[in-house]
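Asks: Based on the hints, put chain B in the right spot on chain A.
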Amino acid sequence: GQQLNQSPQSMFIQEGEDVSMNCTSSSIFNTWLWYKQDPGEGPVLLIALYKAGELTSNGRLTAQFGITRKDSFLNISASIPSDVGIYFCAGQGGNNDMRFGAGTRLTVKP
Amino acid sequence: NAGVTQTPKFRVLKTGQSMTLLCAQDMNHEYMYWYRQDPGMGLRLIHYSVGEGTTAKGEVPDGYNVSRLKKQNFLLGLESAAPSQTSVYFCASKRAYNSPLHFGNGTRLTVT
Numbered sequence: 001g002q003q004l005n006q007s008p009q010s011m012f013i014q015e016g017e018d019v020s021m022n023c024t025s026s027s028i029f030n031t032w033l034w035y036k037q038d039p040g041e042g043p044v045l046l047i048a049l050y051k052a053g054e055l056t057s058n059g060r061l062t063a064q065f066g067i068t069r070k071d072s073f074l075n076i077s078a079s080i081p082s083d084v085g086i087y088f089c090a091g092q093g094g095n096n097d098m099r100f101g102a103g104t105r106l107t108v109k110p
Numbered sequence: 111n112a113g114v115t116q117t118p119k120f121r122v123l124k125t126g127q128s129m130t131l132l133c134a135q136d137m138n139h140e141y142m143y144w145y146r147q148d149p150g151m152g153l154r155l156i157h158y159s160v161g162e163g164t165t166a167k168g169e170v171p172d173g174y175n176v177s178r179l180k181k182q183n184f185l186l187g188l189e190s191a192a193p194s195q196t197s198v199y200f201c202a203s204k205r206a207y208n209s210p211l212h213f214g215n216g217t218r219l220t221v222t
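Taken in sequence, the protein lines are chains A and B. In terms of my numbering, the first sequence has 100 at position 100, counting the first letter as 1, and numbering is strictly consecutive. In terms of my numbering, the second sequence has 130 at position 20, counting the first letter as 1, and numbering is strictly consecutive.
Derived by calculation from the structure, the hints in this document are not laboratory data. One or more of the hints may lead you astray.
Claimed, not checked - Have a look at the derived ranges for each label pair, beta carbon to beta carbon: (1) A/K51 with B/K119: 36 to 42 Å; (2) A/I28 with B/G173: 28 to 34 Å; (3) B/S177 with A/S77: 44 to 50 Å; (4) B/T130 with A/T68: 48 to 54 Å; (5) A/S82 with B/A206: 30 to 36 Å; (6) A/R60 with B/E162: 16 to 22 Å; (7) B/M151 with A/Q14: 26 to 32 Å.
As the list claims (entries may be wrong) - Restricting the straight-line Cα-Cα distance to at most 30 Å, the calculated cross-link-like pairs of lysine-lysine (DSS-like) are: (8) A/K51 with A/K70; (9) B/K167 with B/K181; (10) B/K119 with B/K180; (11) B/K167 with A/K51; (12) B/K167 with B/K124; (13) B/K167 with A/K70.
Just so it is clear, the structure is predicted and the values come from calculations on it, not from any experiment. No residue lacks a Cβ here, since even glycine has one placed at the ideal position from N, Cα and C.
This is chain A alone, in the form it adopts within the complex (with noise of 0.2 Å):
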């Protein structure tokens, strides 16, 4: 099956500091997401990528969805402590799953 492999498994990292995770993948996807997900909650969506080359931006947060369509990225720009959570990339690819990277978990230190 797909195999996700998501990096770092953790960060600590200074409030006001910049951030990058990864994701990449053996196979090709269609469709790169990113959530994150707070204690005691689901997952919630982020980012959504639809083509690869694709370069997307909410607020802090930026991704990108690899040319290869085998990996894509998650940057969030001067953390904050509320950015504290464990993210996840998912990947949709040519059958109907849709299968998780095993996340990054982000500690912000004030």
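Replies: Coordinates of chain B only, in the frame set by chain A:
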């Protein structure tokens, strides 16, 4: 508009017991999914459905069954619970093939 609603929120089962988790969505979405989330492993797909009356296996389907008799509901069943099925279960739905998933808030299941 409640989105995706999962019931129950918490459950404790003894090994060998059975139970059904209910997922309901009020967004008229075609696609529905069941995932389990374990520490360090992200979300793993159990089963999914691309429309009323259809179901398909995901990555980790063994020990689970599902049914989609009505478009708005997707049921996940455990016939004989095992401790390895202790996890947090998330239901999600989406409108169309390339649409993003909308998640419920999860069901925390403990099997002793």
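Asks: Decide, hint by hint, whether the structure agrees.
Replies: Going through the hints against the structure:
1. A/K51 with B/K119: 36 to 42 Å: Given about 38 Å between the Cβ atoms, the range holds.
2. A/I28 with B/G173: 28 to 34 Å: About 31 Å separates the Cβ atoms of A/I28 and B/G173, which means 28 to 34 Å holds.
3. B/S177 with A/S77: 44 to 50 Å: For B/S177 and A/S77 the Cβ distance comes to about 45 Å; the hint holds.
4. B/T130 with A/T68: 48 to 54 Å: Given about 42 Å between the Cβ atoms, the range is violated.
5. A/S82 with B/A206: 30 to 36 Å: Between A/S82 and B/A206, where Cβ atoms are some 31 Å apart, the hint holds.
6. A/R60 with B/E162: 16 to 22 Å: The hinted range 16 to 22 Å is violated for A/R60 and B/E162, with Cβ atoms some 40 Å apart.
7. B/M151 with A/Q14: 26 to 32 Å: holds (29 Å)
8. A/K51 with A/K70: Holds: A/K51 and A/K70 sit about 12 Å apart, inside 30 Å.
9. B/K167 with B/K181: holds (18 Å)
10. B/K119 with B/K180: Holds, at roughly 21 Å.
11. B/K167 with A/K51: Distance of about 27 Å is within 30 Å: holds.
12. B/K167 with B/K124: Judged against 30 Å, a Cα distance of about 25 Å means the pair holds.
13. B/K167 with A/K70: holds (23 Å)
Checked against the numbered hints above, the structure violates hints 4, 6; every other hint is satisfied.
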